[in-house]
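Take a look at the letters that make up each chain.
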Amino acid sequence: MLIFEHSKPQRRAAAQAPLTHASMNGLPERFRRTSATGLPEVSELQAVRHYTRLSQKNFSIDTQFYPLGSCTMKYNPRGANAMAMLPGFLGRHPYAPEAFSQGILSTLFELQQMLEDVTGMRGVSLTPMAGAQGEFAGVAMIRAYHAARGDTARTEIIVPDAAHGTNPATATMCGYAVREIPTDADGDVDLAALRLAVGPHTAGIMLTNPSTLGVFDRRIKEIAGLVHEAGGLLYYDGANLNAILGKVRPGDMGFDVIHMNLHKTFSTPHGGGGPGAGAVGVSQRLLPFLPVPLVAHEGERYRLLDEQDRPQSIGRLSAFMGNVGVLLRAYVYMRMLGREGMSRVADFATLNANYLAKRLAAAGFTLAYPQRRATHEFIVTLKREARETGVTAMDYAKRLLDFGIHAPTTYFPLLVPECLLIEPTETEAKEALDGFVDAMAAIRAEAASDPAKIKGAPYTQPNRRFDEVRAAREPDVRWRPAV
Amino acid sequence: MLIFEHSKPQRRAAAQAPLTHASMNGLPERFRRTSATGLPEVSELQAVRHYTRLSQKNFSIDTQFYPLGSCTMKYNPRGANAMAMLPGFLGRHPYAPEAFSQGILSTLFELQQMLEDVTGMRGVSLTPMAGAQGEFAGVAMIRAYHAARGDTARTEIIVPDAAHGTNPATATMCGYAVREIPTDADGDVDLAALRLAVGPHTAGIMLTNPSTLGVFDRRIKEIAGLVHEAGGLLYYDGANLNAILGKVRPGDMGFDVIHMNLHKTFSTPHGGGGPGAGAVGVSQRLLPFLPVPLVAHEGERYRLLDEQDRPQSIGRLSAFMGNVGVLLRAYVYMRMLGREGMSRVADFATLNANYLAKRLAAAGFTLAYPQRRATHEFIVTLKREARETGVTAMDYAKRLLDFGIHAPTTYFPLLVPECLLIEPTETEAKEALDGFVDAMAAIRAEAASDPAKIKGAPYTQPNRRFDEVRAAREPDVRWRPAV
Amino acid sequence: MPFIPHTQDEIDAMLAVIGAPDIESLFDDIPAALRSGPLKTVPDALSEMQVGRLMQSRAAPDAGALNFIGAGAYEHHIPAAVWDIATRGEFYSAYTPYQAEASQGTLQLIYEFQTMLTGLTGLEVSNASLYDGASALAEAVLMAVRLNRKSRSRRVLVPASVHPAYRATAHAIVHAQGIELIELPIDPAVGRVDPAALAAYDAEDITALVVPQPNFYGVLEEVDALTDWAAAHNALLIAVVNPLTLAVLTPPGEWGAAGADIAVGDGQPLGAPLSSGGPYYGFMCTRMAHVRQMPGRLVGRSIDADGKPGFVLTLQAREQHIRRSKATSNICTNQGLVVTASTIHMAILGPDGLARVAAASYANTHALAEKLRPLGVEPVFAGDYFHEVALRLPVANAAPVLERMAAEGVLGGYELGRIGWPDAVLVCATETKTEEDLQRYVDTLARALRS
Amino acid sequence: MPFIPHTQDEIDAMLAVIGAPDIESLFDDIPAALRSGPLKTVPDALSEMQVGRLMQSRAAPDAGALNFIGAGAYEHHIPAAVWDIATRGEFYSAYTPYQAEASQGTLQLIYEFQTMLTGLTGLEVSNASLYDGASALAEAVLMAVRLNRKSRSRRVLVPASVHPAYRATAHAIVHAQGIELIELPIDPAVGRVDPAALAAYDAEDITALVVPQPNFYGVLEEVDALTDWAAAHNALLIAVVNPLTLAVLTPPGEWGAAGADIAVGDGQPLGAPLSSGGPYYGFMCTRMAHVRQMPGRLVGRSIDADGKPGFVLTLQAREQHIRRSKATSNICTNQGLVVTASTIHMAILGPDGLARVAAASYANTHALAEKLRPLGVEPVFAGDYFHEVALRLPVANAAPVLERMAAEGVLGGYELGRIGWPDAVLVCATETKTEEDLQRYVDTLARALRS
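Protein chains in written order, with the UniProt record's numbering: chain Y, 1 to 483; chain A, 1 to 483; chain G, 1 to 451; chain Z, 1 to 451.
Read the hints as simulated data drawn from the structure, not as lab findings. Hints are supplied without guarantee of correctness; some may be wrong.
Unchecked claim - Below, a list of computed lysine-lysine pairs in the DSSO-like style, where the Cα atoms sit at most 30 Å apart:
(1) K453(Y) / K383(Y)
(2) K453(A) / K308(Z)
(3) K221(A) / K308(G)
(4) K247(A) / K326(G)
(5) K221(A) / K247(A)
(6) K383(Y) / K326(Z)
(7) K453(A) / K308(G)
(8) K40(G) / K453(Y)
(9) K453(Y) / K221(A)
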């Protein structure tokens with residue numbers, strides 16, 4: 001039932017708005033709304049009950065194991081939420097004067113510094129509101145850098161075929177052409193292809209390392225050398241930073257710019273699709289171009305730097321200073337982990353992934369890169385299973401839901417057929433991993449004996465499998481009352 | 001799965017305790033524990049996931065309609081929770097000095113006054129921690145009153161047969177014998193029986209009005225006269241106060257003492273079985289005996305009165321000042337309702353009950369007191385249905401769960417066979433009531449066609465019906481690891 | 001109409017079904033003479049926003065002090081997850097789990113709670129909670145009187161080292177049943193029960209002996225000897241314990257040769273905020289042989305019609321709603337939500353976490369006492385203490401010193417002058433206190449003593 | 001090891017399965033020369049308790065002021081239920097609902113959100129959110145350029161009355177694609193778009209016209225005339241609106257004869273706390289005909305294998321994970337949790353509640369402006385304003401006056417000196433302000449002007 005179906009004309013949650021309806025005498029008629037808004041009219045209890053029950057229809061980390069590759073679905077500490085929701089933080093207006101800003105600004109300044117430290121970059125801007133906006137900021141800085149040097153011939157961004165879709169989409173938004181290069185048999189960047197691709201038209205390359213194939217590109221220094229020699233810059237997509245936190249720093253690998261997904265590596269909540277935070281870090285040469293505002297520490301005071309302080313900045317990406325509430329959660333998380341906790345993230349994310357990969361292989365599943373060490377994630381390809389039984393990666397994914405386990409990422413990266421990209425994260429216990437292996441093995445057995453059953457899955461969720469084609473063909477994207 | 005089954009030796013939620021283990025060098029060996037506590041060793045995520053999932057196995061007001069007679073399961077405003085959990089309230093030590101107490105004391109003082117106002121009593125003590133403790137306080141004051149007058153012959157408390165079990169249990173705790181009197185055919189106290197029962201041995205009578213039969217005893221003044229003439233006092237069980245809030249005051253009916261269930265009438269949460277709050281109010285003659293502490297307003301300051309200020313007090317019922325957090329929620333609720341909101345509670349609780357009673361009667365169900373006006377609750381008797389189909393009140397109750405509706409109170413009061421005591425409360429919308437009628441009618445139809453199905457209900461809950469006899473015969477009341 | 005969903009159309013339709021002209025007529029059973037006039041004290045309604053601002057203004061002035069008071073209520077860190085989960089609607093707004101099939105969340109949680117409490121106390125069975133520690137002691141006394149058929153005296157020995165409010169509460173609740181609580185004096189040199197005073201009752205009929213650990217003064221009692229005395233004299237042994245300390249102290253079930261018969265206490269240190277004294281919860285554990293005399297709710301594991309395990313309220317024949325005037329107690333509603341929080345708290349902290357909290361509290365209190373010696377501040381008692389200590393200030397009257405400290409935002413402890421030690425303060429420094437906090441106490445007290 | 005559940009036994013067992021001697025060896029693909037040394041800036045770990053105290057010390061100094069600043073972020077009451085429910089683990093810790101069957105909670109909620117936003121804006125389709133109002137404007141400009149095939153200019157008119165940060169953001173995001181944002185001046189007497197300035201573009205190829213309502217100065221634009229101008233000149237009309245005001249103001253879908261093509265804005269006034277500027281959310285609504293050029297996620301209702309209705313992400317072919325370099329935008333993560341809160345907020349407030357909030361904010365701001373006249377404070381513009389007003393103080397420079405007010409705990413408004421009006425302040429008094437608050441503003445300003 002939709003909230004609108006609980007609605008009755010003139011029903012109200014009367015404690016929640018001013019008790020009387022103030023007059024707007026002075027407001028000319030021509031500005032006044034005469035049509036209905038269609039908003040629901042329900043009691044407070046009805047709203048609470050409706051949305052509490054809706055919430056119960058979701059999978060979430062707090063209720064299920066979520067081995068979703070490339071998404072880093074780790075535990076989101078409740079303490080980080082509680083501290084970010086302190087009234088002093090929630091109530092502060094973004095234009096509050098400095099005297100009412102030192103608490104938040106000092107915190108954000110320290111966050112900038114800690115993120116510089118873990119990424120090996122020289123400067124960080126916290127303002128991008130998600131990974132994709134961080135990517136935009138990064139590529140825009142690359143563009144600004146070349147422009148500032150008068151180097152206008154660079155029109156291309158190189159992107160490996162395994163990259164996240166946001167990478168090419170971002171390059172386009174920044175006015176670049178996208179040049180895709182292939183991956184070699186070991187899952188690394190195809191160096192020969194890269195050599196052919198780079199040149200005076202190369203603005204830069206966007207890479208993830210470890211890549212979305214779950215392997216660490218061992219020749220990263222060589223790649224950096226090739227691109228830099230050609231005058232291009234290296235962009236690091238931080239989606240997989242969890243794999244290497246405290247182990248190797250993108251700055252040390254030779255990257256010029258990085259975005260971090262604080263909602264992955266630093267465990268701010270995914271929230272059903274955001275808000276994220278996509279802080280960007282840069283090397284020395286890109287420092288002048290960082291998006292504003294930045295937080296500066298001047299003597300005893302902290303203050304925001306804006307366009308006037310930073311004339312070469314690529315500018316402003318949001319009205320204020322980004323998703324501050326998310327930044328606070330990341331700060332709290334980093335302080336609770338501390339120096340040694342950073343590399344433990346990579347340690348145990350990697351231990352979990354390698355253990356799970358070995359156990360799945362032992363259970364008969366095919367790893368996409370069995371010759372490689374898994375990083376924090378790895379790929380199983382169900383190509384053989386799909387051919388033999390007709391049961392596809394999607395079928396496995398849906399059937400896993402019946403075992404109380406969220407599906408891994410399916411059909412990404414695009415170059416591995418029938419793939420499941422599996423990332424257990426460091427916060428899951430061995431029992432959860434063993435349970436996943438058991439579920440996968442059980443589905444495998446079912447696939448042999450009763451493939452139709454798997455095709456019909458899930459059975460235990462509020463809905464069976466959806467007709468997505470119909471949804472796209474006849475879009476029903478808002479409720480309208482029956483006439 | 002139990003939390004203990006997630007436990008592994010040395011697993012820890014490391015952010016939640018001091019980071020190092022301090023030395024207790026000075027503690028002599030003989031005091032030190034050597035055995036294991038058996039507490040679970042789990043990660044923070046495991047605990048969060050376990051208890052979040054457990055919570056989803058509960059019915060609750062926030063998720064279901066809960067027409068539980070005599071329990072007043074109304075909406076518990078989330079705002080009351082938020083305000084009671086303000087850090088200033090949570091952090092205050094009960095022995096904090098006056099300078100750090102004026103906020104809470106002024107609030108509790110106003111709560112005392114508002115409760116006096118709505119009950120028509122002369123004084124209120126907030127200290128009892130639940131209805132039953134309020135009852136104890138009330139009967140103890142009756143005892144103290146008689147004792148103070150040297151009237152030592154009064155050894156009996158009169159209790160109607162429809163009373164809550166706490167009433168006779170309380171009288172026993174206070175050292176009284178219990179004399180039960182019957183109810184007449186209209187659901188009122190049997191006056192003839194009362195006349196026979198009262199006398200110089202009568203310490204008092206414990207009444208609920210409206211009674212647990214869901215009717216208002218119209219001869220309450222006559223009852224009060226009879227008891228008072230015999231030298232006894234009248235105790236009002238406030239469980240049903242929701243029915244008459246702002247309409248008629250126990251003090252005006254002639255009661256000498258009342259307890260209020262703030263977790264019913266004033267909508268503090270039931271919490272799966274408490275904490276409640278059972279404030280007591282008294283007439284003039286019982287004022288000296290109120291339990292301590294009380295809050296006094298002296299000039300500009302508020303302070304607690306203790307045994308020294310109140311030498312005739314029945315004393316102290318808890319270490320500190322009762323369930324203050326619950327009292328705060330009740331205070332917030334009362335302020336949001338305000339003067340006019342009080343009587344609206346009774347208005348709409350009564351409207352809902354009478355509507356539901358009429359509709360159920362029209363659907364073929366038998367009301368226990370069809371000749372009477374329902375109050376905020378009413379009784380359906382399924383005696384005929386049980387005889388004809390074998391489907392009992394308990395079977396209806398269990399089957400209702402499958403319709404997403406909590407069972408009404410069953411088999412109480414004890415004198416109505418196969419009864420359901422139904423209290424919809426004022427916060428439920430007409431649709432919820434109509435849905436209840438539809439569910440009851442559907443069960444009735446099922447009872448005719450397939451009674452075995454109902455006997456097997458519920459089917460949609462985590463468990464089917466339990467073997468309660470076995471549970472009591474071989475009590476398994478704690479988990480022990482398999483050896 | 002806050003919280004009332006009815007529209008005028010619905011009201012009209014419902015009245016039509018009822019056959020009543022208006023809502024007022026639904027109250028026609030109430031004699032006109034009794035009908036209330038307008039309320040006098042309840043003010044006009046406020047919106048949630050308005051009450052929110054009011055309550056903030058009430059909460060603010062009581063906040064902000066650095067607290068060193070214990071005396072039965074202890075400041076400990078509570079993980080954010082604890083109350084986040086406990087206040088989820090499904091726990092917060094659920095009723096007592098009488099309908100077991102629709103209450104497995106609460107029921108399983110209580111079963112886990114019972115298991116945890118038996119583990120901490122070293123006893124065999126725990127109920128689902130009582131109101132608080134003080135009233136739990138009263139219930140324990142009543143239970144002991146029911147249990148001890150060998151004793152006819154209804155006399156219970158209660159040391160003066162039991163929390164004074166606990167003693168007052170127990171008296172208020174039990175005295176109407178002819179039960180006498182006899183105060184057992186302490187040895188003023190060491191601050192614990194005087195063995196000579198106890199020996200005075202060697203030949204008497206005593207129904208039960210109460211033993212606190214740590215006692216009100218923070219001192220550790222010689223629990224083994226006391227327990228053995230009770231066993232030797234046909235008295236039941238009622239332990240009153242701080243459950244947090246049981247992470248590191250010998251549990252009542254292991255006291256002496258036979259162990260305590262009943263252990264009670266306040267669960268507050270295990271996840272309940274100070275909150276001006278409540279809601280906390282009382283707990284009670286005992287031997288399985290005594291279970292049918294135990295008051296309060298009890299959850300048991302059973303199986304359902306499909307043979308699937310699950311949880312139910314059990315042994316309800318002890319309770320008031322079944323047994324009425326013959327019940328073990330009149331208790332009905334208890335402290336469910338606090339128990340919910342406490343169970344989550346214990347699960348998150350675990351045995352090692354609780355031991356660390358206890359040890360840090362022990363170490364902080366001892367460190368503070370040491371730091372105060374140069375000011376001429378000394379422990380009142382020579383007995384070993386745990387995480388609370390009675391300190392004698394170098395003044396005749398401690399109260400004004402505490403007042404001056406409070407004016408600087410430091411709550412220096414519980415005034416022992418309230419119970420006869422005018423120069424003494426009961427001080428507690430839990431794991432929440434840092435080195436800087438302890439130093440602030442020292443500096444503030446030094447100033448307060450000077451002025 | 002905070003948040004890591006592994007015991008040493010488990011680590012050993014897992015390494016044995018992997019066949020690795022230790023965890024360190026799992027990183028042997030990383031060239032040794034690249035391995036990090038110890039971190040320098042990240043401090044040692046703190047416990048939750050320690051960080052809690054630290055964060056309280058950070059939050060406290062920024063709190064406690066009485067705020068009259070608006071300027072794109074508005075203080076409104078948010079019912080306690082809103083974030084209680086939004087931060088339930090099932091919403092808070094869920095991923096983007098790609099697996100529809102396991103995400104019906106989030107998906108249905110977004111479908112309801114989309115319906116509410118189309119209702120408020122009077123348009124046909126809403127996406128599931130963008131980052132904030134400013135970046136939503138940028139996305140709207142990009143979308144308009146894609147949509148308007150009749151226009152070749154890639155020139156978009158943006159009035160100077162659009163929030164300056166929105167204009168800066170839009171420029172930063174769109175300029176690399178060769179799009180020019182042309183500033184359209186306002187009439188300084190009335191504070192809204194100068195019709196004469198617009199007329200100057202009558203003969204030009206303009207891709208889109210942006211129209212704010214209310215505008216940055218709180219003034220109401222003549223939206224009908226502007227919308228009709230756009231329609232007459234083959235320009236798309238992009239509305240930038242405060243969604244709360246749409247409870248009482250003509251919705252963009254009804255502006256002029258044809259309505260706006262795209263409406264964007266910031267959802268903050270509908271349930272997001274001020275929180276130093278975020279997280280808020282951007283919204284975007286448009287005509288159904290334009291849906292395939294709309295960026296961001298979209299939820300549709302469909303049926304499952306059993307014919308049961310439910311909800312899925314739909315029209316994903318617009319998005320980056322499918323369409324990569326040809327996507328409508330690179331947006332992926334948006335502001336889901338804030339949308340969750342906002343949907344609950346709108347459901348609780350309802351049409352009447354939002355209208356009351358808007359009306360009270362209107363009335364309070366107008367009342368404050370009137371109360372200030374005796375101090376010589378006058379509106380800068382003659383145009384009708386809604387719940388925000390530019391006021392000219394009787395001084396050359398308003399900044400020091402605001403500073404003196406802040407020192408008394410009153411944030412007197414946004415300094416318009418930042419954008420060229422040194423004697424002026426942009427003031428907003430929402431429904432959160434009482435009579436006493438308004439009087440406090442007056443009194444504080446009076447003192448600040450005198451000193």
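Structure-based check of each hint:
1. K453(Y) / K383(Y): Measuring from Cα to Cα gives roughly 19 Å; hence the hint holds.
2. K453(A) / K308(Z): Judged against 30 Å, a Cα distance of about 25 Å means the pair holds.
3. K221(A) / K308(G): 54 Å, violated
4. K247(A) / K326(G): 36 Å, violated
5. K221(A) / K247(A): Status holds; Cα separation ~16 Å.
6. K383(Y) / K326(Z): 28 Å, holds
7. K453(A) / K308(G): With a Cα-Cα distance of about 19 Å, the restraint between K453(A) and K308(G) holds, given a limit of 30 Å.
8. K40(G) / K453(Y): Distance ~69 Å between K40(G) and K453(Y) Cα, so the pair is violated.
9. K453(Y) / K221(A): 71 Å, violated
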